[in-house]
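Asker: Protein chains in written order, with our numbering: chain A, 1 to 423; chain B, 1 to 423.
Take the hints with a grain of salt, since some may be wrong.
Note that identical chains are pooled: a pair holds if it fits in a single copy or bridges any two copies.
Taking lysine to aspartate or glutamate pairs in the EDC-like style, the calculated list, with each CA pair at most 16 Å apart, reads [said to hold, decoys possible]:
1) 226 / 275
2) 65 / 29
3) 226 / 194
4) 49 / 29
5) 49 / 66
6) 252 / 399
7) 65 / 34
8) 69 / 153
9) 69 / 406
10) 252 / 96
11) 226 / 146
12) 129 / 162
No lab work stands behind these hints, which were simulated from the structure alone.
There are 2 protein chains.
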Amino acid sequence: MKPTAMHIASRNDCLTLDQQDPLAALRQEFSLPEGVIYLDGNSLGAMPKASLTRAQQVIQAEWGKDLIKSWNTAGWFDLPSRLGNLLAPLIGAETDEVVITDSTSINLFKAIAAALHMQASQAATAQRKVIVTERSNFPTDIYVVEGLTRWLDQGYRLHLVDSAEELATAINTDTALVMLTHVNYRSGALLDMEAITALAHNQGALIVWDLAHSAGALPIQLNQAKADFAVGCTYKYLNGGPGSPAFIWVPKRHQAAFHHPLSGWWGHAAPFAMDASFTATPGIRRALCGTQPMVSLAMVEPGLNLFTSTSMDAVRHKSLALTDLFIELVESRCQSHPLQLVTPRAHAQRGSHVSFTHPHAYAVIQALIGRGIIGDYREPGIMRFGFTPLYTQFCDVWDAVEGLRDILDNEAYSPDAERHAVT
Amino acid sequence: MKPTAMHIASRNDCLTLDQQDPLAALRQEFSLPEGVIYLDGNSLGAMPKASLTRAQQVIQAEWGKDLIKSWNTAGWFDLPSRLGNLLAPLIGAETDEVVITDSTSINLFKAIAAALHMQASQAATAQRKVIVTERSNFPTDIYVVEGLTRWLDQGYRLHLVDSAEELATAINTDTALVMLTHVNYRSGALLDMEAITALAHNQGALIVWDLAHSAGALPIQLNQAKADFAVGCTYKYLNGGPGSPAFIWVPKRHQAAFHHPLSGWWGHAAPFAMDASFTATPGIRRALCGTQPMVSLAMVEPGLNLFTSTSMDAVRHKSLALTDLFIELVESRCQSHPLQLVTPRAHAQRGSHVSFTHPHAYAVIQALIGRGIIGDYREPGIMRFGFTPLYTQFCDVWDAVEGLRDILDNEAYSPDAERHAVT
Numbered sequence: 001m002k003p004t005a006m007h008i009a010s011r012n013d014c015l016t017l018d019q020q021d022p023l024a025a026l027r028q029e030f031s032l033p034e035g036v037i038y039l040d041g042n043s044l045g046a047m048p049k050a051s052l053t054r055a056q057q058v059i060q061a062e063w064g065k066d067l068i069k070s071w072n073t074a075g076w077f078d079l080p081s082r083l084g085n086l087l088a089p090l091i092g093a094e095t096d097e098v099v100i101t102d103s104t105s106i107n108l109f110k111a112i113a114a115a116l117h118m119q120a121s122q123a124a125t126a127q128r129k130v131i132v133t134e135r136s137n138f139p140t141d142i143y144v145v146e147g148l149t150r151w152l153d154q155g156y157r158l159h160l161v162d163s164a165e166e167l168a169t170a171i172n173t174d175t176a177l178v179m180l181t182h183v184n185y186r187s188g189a190l191l192d193m194e195a196i197t198a199l200a201h202n203q204g205a206l207i208v209w210d211l212a213h214s215a216g217a218l219p220i221q222l223n224q225a226k227a228d229f230a231v232g233c234t235y236k237y238l239n240g241g242p243g244s245p246a247f248i249w250v251p252k253r254h255q256a257a258f259h260h261p262l263s264g265w266w267g268h269a270a271p272f273a274m275d276a277s278f279t280a281t282p283g284i285r286r287a288l289c290g291t292q293p294m295v296s297l298a299m300v301e302p303g304l305n306l307f308t309s310t311s312m313d314a315v316r317h318k319s320l321a322l323t324d325l326f327i328e329l330v331e332s333r334c335q336s337h338p339l340q341l342v343t344p345r346a347h348a349q350r351g352s353h354v355s356f357t358h359p360h361a362y363a364v365i366q367a368l369i370g371r372g373i374i375g376d377y378r379e380p381g382i383m384r385f386g387f388t389p390l391y392t393q394f395c396d397v398w399d400a401v402e403g404l405r406d407i408l409d410n411e412a413y414s415p416d417a418e419r420h421a422v423t
Numbered sequence: 001m002k003p004t005a006m007h008i009a010s011r012n013d014c015l016t017l018d019q020q021d022p023l024a025a026l027r028q029e030f031s032l033p034e035g036v037i038y039l040d041g042n043s044l045g046a047m048p049k050a051s052l053t054r055a056q057q058v059i060q061a062e063w064g065k066d067l068i069k070s071w072n073t074a075g076w077f078d079l080p081s082r083l084g085n086l087l088a089p090l091i092g093a094e095t096d097e098v099v100i101t102d103s104t105s106i107n108l109f110k111a112i113a114a115a116l117h118m119q120a121s122q123a124a125t126a127q128r129k130v131i132v133t134e135r136s137n138f139p140t141d142i143y144v145v146e147g148l149t150r151w152l153d154q155g156y157r158l159h160l161v162d163s164a165e166e167l168a169t170a171i172n173t174d175t176a177l178v179m180l181t182h183v184n185y186r187s188g189a190l191l192d193m194e195a196i197t198a199l200a201h202n203q204g205a206l207i208v209w210d211l212a213h214s215a216g217a218l219p220i221q222l223n224q225a226k227a228d229f230a231v232g233c234t235y236k237y238l239n240g241g242p243g244s245p246a247f248i249w250v251p252k253r254h255q256a257a258f259h260h261p262l263s264g265w266w267g268h269a270a271p272f273a274m275d276a277s278f279t280a281t282p283g284i285r286r287a288l289c290g291t292q293p294m295v296s297l298a299m300v301e302p303g304l305n306l307f308t309s310t311s312m313d314a315v316r317h318k319s320l321a322l323t324d325l326f327i328e329l330v331e332s333r334c335q336s337h338p339l340q341l342v343t344p345r346a347h348a349q350r351g352s353h354v355s356f357t358h359p360h361a362y363a364v365i366q367a368l369i370g371r372g373i374i375g376d377y378r379e380p381g382i383m384r385f386g387f388t389p390l391y392t393q394f395c396d397v398w399d400a401v402e403g404l405r406d407i408l409d410n411e412a413y414s415p416d417a418e419r420h421a422v423t
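Same shape as in the complex, but just chain A (with noise of 0.2 Å):
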């Protein structure tokens, strides 16, 4: 893909790249507040103008007119799927594969939960004992890891990578499961999912894919690369909302023998039948356990349905213009200052947010922030900054570099003691 960015010399030239982008029509469809340049929607997407509508929908007439019957009349029951069924074209599953609900730790929880039976269960695997995963994974990750397998106490242990190229060597038959983060929350580095995918399968590993900061970021294909389970959330570039339910993506091939311990009655063959012993229903809706919070999970469609008008390929083609652009314009504009681009530069190896070091990363956020650049801070000393092709325009990545260029060169930054971050 050929870099856009290279060439731009003023905010004039962003303006033009404004003009002549394809996706800049779906901007008009969210909600920003005036006089801030969001660049943390890899963090918490914006609020699409539908949100509201649907939400006083499900609140004022499913809720408060047809209460109890809605369960039914307005499909409530069925909305973890029929929702799933909406984001699977993004990440490349098919139909009946893909469930909202829950969170993402929880998600993940029943994911590796059930590869790891899966692979207990089979003579070829059963001894395998180690879950490979990268030290600089997002640490939840790391912690239901710990979680289950201590409860399991069947003699699991972690095995973390320090780098990407590790993995070639650190997966080997004694791995019984592979998981990874598909873009990096920290550094924005994204994997090479077909590569990891094939190399774990041929030592006979099972892979789980967190996709929390690629779903609906970059194409992806879940199905196409032979992935065996993937967990995501909703309310980054999937605009859900706050909090908005997670996904899990089991596919056809795997969902028979997909076992997990959170049995509920959302995933029970005959949920109303009342039986008195767990029997899993066959298809995708064995990864639901219990009920569901409506409000917020309705709240997911209106962000799905703004990439019905745009493609994966488009928004990831604006993605790389806009962190391409974001990186030139840093080192160029502010090269003076000690600031580290942490991010890969290759386009094959980048999400579609852009980190940078700087020793007094947390104070230049904070002054970022109190001029209306919204980026945010991470562990140790890192700067930040989520491009949502949605809605982030060229003009913003101009303005915001032009934000950090006048804080570092006038020193406008003052350290802060209290330090709040949210991934």
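Starting from the known structure of chain A, arrange chain B on it as the hints suggest.
Answerer: Frame of chain A, contents of chain B only:
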């Protein structure tokens, strides 16, 4: 408590009761559809008028305008514990003993896992492998035990009793855990929490209470009863909205020993430090796992707020008057029909819903719903009617029974093949 309803001979008598009802004004705080008598608040509570306003605030201002900042400025991150503290007095819990999070099934999984771990960690109880519950418990509670214990693969087994009377002998020195639902979802039978908890403790067992059908319906004194753990839902008598997140109670005396396998970053001692290993936070927040659905979670607050203008004793007084009246009127005015009361007559054994069997129960319920009288059907052959003292009127009871009588007298119902039900 003196029955109020025994001398009601007309609808006018019911109107008089409504005029005298000290809770009558609370009905104005709910948005109730015209022409509907809603007797299904035990399944999905009605909508507080303030719920829409609260949702709009979260969506438009907190998400739409303040975006990522709201994790701190709008208190999103603290919301599970802040709302837990609002709920605490309704269930006899102390401050910092309750969080609102995830689903009831998932919270039950955490509580059971933690209880079994506590027992397994002590020499005196480590060999105990039996979990006692009622066969008539809500099935998902049994499924959750099945799912967890199958995975632990440590010899745990369920002992299902067929009546509460059997508990006295079923609970013995093999019992690791007793898991009971306070009010039975089908029969409406209320268990004696304090006596059964003492039974369990006398045998060295721990006890987990599911308060799904009692929280907000009647006074609960978890600490006074010396209960060990409790979970419950907020979308029935607490009116939090469809599928609103559930709660889990861990008393202070058990918090340090509370370990469960769903270890996610929200339960970490330093969630924003991004430590590479899990350390549970000291207090009740160790019962949290991943990111919560903020819109659905925030909507729990308006429902809880409505309880501050009354007392659980006043709620219980009206609840018993309503259920007494319903039983009395059904039995007197529909006496020629084959209706059989399932719910205990004794106040001390009754929750806030009443169930009757009828040979054509499903068809009769459908006919009632067709007339705007909303009860529900439960297998096998049970018609279930819930009474929510915050909004159910005595004249609603009269009108519902008149509707039932008319349908039965005129056989104005027809069998229907398709059966749906939601707890």
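Asker: Of the numbered hints stated earlier in the document, which are not met by this structure?
Answerer: 1, 6, 8, 9, 11, 12
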